[in-house]
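Colleague: Start from the sequences, fold in the hints, and give me the full structure.
Sequence order for the protein chains is A and B. Counted from 1, the first sequence has number 476 at position 476 by the numbering used here; the numbering is strictly sequential. Counted from 1, the second sequence has number 213 at position 213 by the numbering used here; the numbering is strictly sequential.
DSS-like, lysine-lysine: derived pairs with alpha carbons at most 30 Å apart:
no. : chain 1 : residue 1 : chain 2 : residue 2
1   : B       : K197      : B       : K230
2   : B       : K7        : A       : K361
3   : B       : K120      : A       : K34
4   : B       : K120      : A       : K7
5   : B       : K4        : A       : K361
6   : A       : K327      : A       : K370
7   : B       : K4        : A       : K370
8   : A       : K167      : A       : K507
9   : A       : K167      : A       : K6
10  : B       : K99       : B       : K41
11  : B       : K41       : A       : K503
12  : B       : K41       : A       : K510
13  : A       : K485      : A       : K327
14  : B       : K99       : A       : K361
15  : B       : K120      : A       : K6
16  : B       : K41       : A       : K361
17  : A       : K114      : B       : K128
18  : B       : K71       : B       : K4
19  : A       : K327      : B       : K4
20  : A       : K519      : B       : K99
21  : A       : K485      : B       : K41
22  : B       : K198      : B       : K122
23  : A       : K351      : B       : K230
24  : A       : K93       : B       : K128
25  : B       : K128      : A       : K440
26  : B       : K71       : A       : K519
27  : A       : K351      : B       : K71
28  : B       : K41       : A       : K519
29  : A       : K34       : B       : K122
30  : B       : K128      : A       : K34
31  : B       : K41       : A       : K507
32  : A       : K361      : B       : K71
Not close to chain A: a few residues of chain B, all C-beta gaps over 10 Å, as computed:
no. : residue
33  : E18
34  : E28
35  : N69
36  : R96
37  : W113
38  : D169
39  : L189
40  : Y204
Simulated from the structure, these hints should not be mistaken for laboratory data. Note that the Cβ used here is the ideal one computed from N, Cα and C, for glycine as well.
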Amino acid sequence: MSEDYKKYEYDVIVIGAGGAGLRAAIEAARSGAKTAIITKSLLGKAHTVMAEGGCAAALQNADPRDGWKVHFHDTMKGSKWLANWQMAEYHAKEAPDRVRELEQWGAVFDRTPKNLINQRNFGGHTFPRLAHVGDATGLELIRTLQERGIHEGIDIFMEYTVRHLLKEGDRVTGCVAYTRVDGDFHAFSAKSVVLATGGITRCWSVCSGSWEYTGDGHALALWAGAELRDMEFIQFHPTGMVWPPSVRGILVTEGVRGEGGRLTNSEGERFMFDYVPEMFAGDHAETIEESDQWVEEVVSGKIATVRRPPELLTRDVVSKAINSEVKAGRGSPHGGAFLDISHRGEEAILKKLPSMHHQFKELAGVDISKEPMEVGPTAHYVMGGVLVDAETQETTVKGLYACGEAASGLHGANRLGGNSLSDLIVFGKRAGEFSAARAKNLAQPTIDDSQVQEAIRIMLEPFNHEGGENPGLIYDEMRDMMQAKVGIIRTESELSEALDDLKEFEKRRKICYPGSSRKYNSGWHQALDLKNMVDISYVATLAAITREESRGGHTRDDFPVPEDEYWGKTLNIIWMEDGEIKIRQEPVEEMREDLAKVIKEVKEIIAERAAEAGGED
Amino acid sequence: MSLKGRKQDFLITRGEGESSEMEDYEIELDEGMVVLDCVHKIQYEQEPDLAVRWNCKAGKCGSCSAEINGKPRLMCMTRMSDVVAETPEGQPIEIRPMKAFPHIKDLVTDVSWNYEMAQKIKPINGPKEMNWEFNQMEADRVQQFRECIECFLCVNTCHVLRDHAQFDDFAGPRNLVRLAQYEMHPLDLEDRVPEIKKEFGVEYCNITRCCTEVCPAGIQITDDAIIQLKERVVDRYYDPLQRIWRTLTRKKVRY
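Modeller: Here it is as structure tokens:
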């Protein structure tokens with residue numbers, strides 16, 4: 001039986017309305033392309049609002065010793081040298097202008113005493129680099145782009161969920177979506193499609209992600225024949241809430257540590273001093289006194305003269321440290337660590353960390369200006385994603401672009417805090433620009449009815465299984481399984497069990513029943529989301545079982561150390577062929593000579609700039 | 001008070017528009033739950049097609065607005081311990097959709113009016129040069145307004161809209177906050193006072209402060225945004241000295 005659907009024609013379709021999607025759409029529309037955004041939520045609700053700490057850009061407002069070279073170096077080092085160096089270069093060079101542009105579009109960042117955009121310290125960033133608004137920087141970013149975007153002539157389809165990419169030969173020519181409100185169907189012809197759908201962390205039960213983080217773009221790309229990379233690298237943010245159970249996983253910004261927050265175990269020890277990896281040896285304070293001096297200097301607006309506290313090591317390191325402390329029996333009452341910022345006093349906390357104060361007070365009954373928080377690791381970000389060209393953000397399928405968390409390359413094995421918001425605006429802009437440029441030379445593709453009908457048939461499939469399981473139960477169980485077997489610390493046996501379990505979840509998913517109504521049926525939406533989640537969990541697990549070493553956001557108990565000879569120079573690439581998920585390895589491209597020099601020179605540059613800045617003052 | 005193991009009754013709006021009814025549900029509570037957890041539990045265990053709009057479950061996106069025991073609140077930030085305490089023993093907890101907006105289904109309403117209104121507001125218009133300079137005190141005034149999470153609880157509560165349905169003539173508290181955010185931006189050069197008076201109908205607000213009371217972001221909507229906008233309108237249209245000055249200089253009045 002053939003289903004009715006509405007048809008539309010656009011030059012550029014952007015799927016997703018978070019920071020990357022909005023920035024891409026703005027750029028595409030400004031380039032003259034007829035542009036639409038399709039978002040499965042209301043405008044301004046995307047996961048970007050959850051970003052707290054800030055947006056990394058070497059503006060040099062807070063410390064003149066910073067610059068694109070240092071940012072480039074920090075990003076590459078944080079990625080454990082697996083990032084695409086070309087992307088890291090674009091990112092470091094372009095982020096400052098993208099941030100200043102936000103200000104012209106209405107963003108009101110916190111200020112320096114010299115009336116410029118202020119910048120805060122974050123893990124892995126050599127200098128204070130994060131433009132921020134208290135601890136709600138993501139909200140500022142999305143609202144700014146939203147308020148700019150609605151005046152750019154972009155058509156916005158809210159609460160439409162894309163389930164299928166249309167193809168003609170080897171290129172993408174549009175997409176098919178259902179509406180959440182009515183459950184009816186819509187087919188879009190597009191010369192270029194940009195995936196800006198965010199991440200996959202809803203596949204884990206303890207996560208900081210909103211419901212949307214079900215890997216839609218990752219799955220759409222996989223199904224359309226595009227390649228994914230780095231899918232084994234999942235960032236477990238060290239500080240999520242751990243109590244009460246219903247809020248477990250909600251993010252506690254790294255800004256708490258940037259503002260001087262101290263991590264302690266149940267014995268009151270500042271345990272991070274014992275977890276400095278060799279790679280960062282000598283970069284961080286070795287005594288509590290040195291740490292305290294750094295905090296004192298930084299919060300009073302001075303340039304730091306001593307090394308930063310070890311609490312500001314990269315996220316992978318801090319997560320594993322908390323995990324180890326808990327395992328050693330030195331955890332907090334609910335299985336985390338203590339994070340204390342109360343020494344900064346109520347006034348500073350209310351100014352710099354207002355939403356953390358609110359969050360703990362409202363949800364946990366804890367006043368963080370008087371008592372420590374309990375925190376523990378939470379699945380926060382996927383470094384992996386759709387493989388894209390560094391310059392254009394085009395995927396390995398023509399006409400299909402990806403940006404933001406859905407894309408990959410910038411973060412390698414570990415992302416630095418603050419580098420995601422800058423990623424969104426730098427590569428969102430590029431995706432918009434190049435997708436629009438491609439559209440200029442193409443005729444409008446025709447919508448292939450048979451593909452649309454097949455996509456609709458798959459979407460309606462769950463309604464055929466009356467008496468089947470509630471999709472919500474499968475969803476919960478699958479997330480618990482991923483948490484238990486594909487978590488922070490992984491082993492071959494558990495990973496291979498997870499692959500088998502996922503095959504079982506796939507069987508259960510196929511016969512679940514969400515009730516009969518197509519109108520705003522949360523269960524139906526969940527039943528469809530499960531298809532991506534099972535496939536993408538499989539991808540992440542397959543990549544994890546293949547990489548026999550520990551690096552960044554991938555830690556193997558059976559291979560506990562980095563193996564630099566082979567895996568230090570190798571990427572996992574995943575794709576789908578005839579419905580089967582496949583994996584292969586590719587060598588990391590050798591860094592361009594001038595950039596390799598930059599890395600070597602950065603430490604000298606830092607020293608020289610410090611001397612220059614000293615002279616000016 | 002631990003809620004673990006307690007059996008709790010709920011009455012939740014089910015169905016669409018006029019034909020919707022309150023339905024009974026019972027679930028067992030767990031430690032530290034918020035109202036949205038309970039709605040999800042009912043959805044997962046009893047009614048898969050229960051419609052509820054939510055995103056972040058952390059009070060940052062403003063999607064899960066509803067009326068809990070008649071009070072407009074975010075379901076994700078309302079703790080069950082508080083709701084149980086305020087509900088008379090033996091009574092069910094009532095969860096209804098926001099009343100001021102067209103009903104879609106169950107707990108979901110159509111809030112698109114807010115977006116249409118936002119579209120009519122002129123965006124920021126500041127200097128073309130990069131590196132804008134203004135100080136933290138100037139930023140502070142505007143940053144409060146930018147903490148809005150667009151939950152539209154203020155709009156839902158405002159009697160101009162909820163009881164008198166002045167949707168054509170009044171922008172509603174959320175969009176007045178947006179106007180204030182632009183008007184008080186230290187470097188904005190746009191003039192929005194004429195439409196604040198006419199299209200956006202700031203004078204409809206009679207300062208009952210209901211919107212401020214329900215704002216989960218704690219924005220002083222009435223005092224810091226709406227009254228400031230009202231003052232701009234008064235200065236422009238009802239202050240004779242200002243009128244003469246404006247006619248003579250043909251300048252936008254800066255505040």
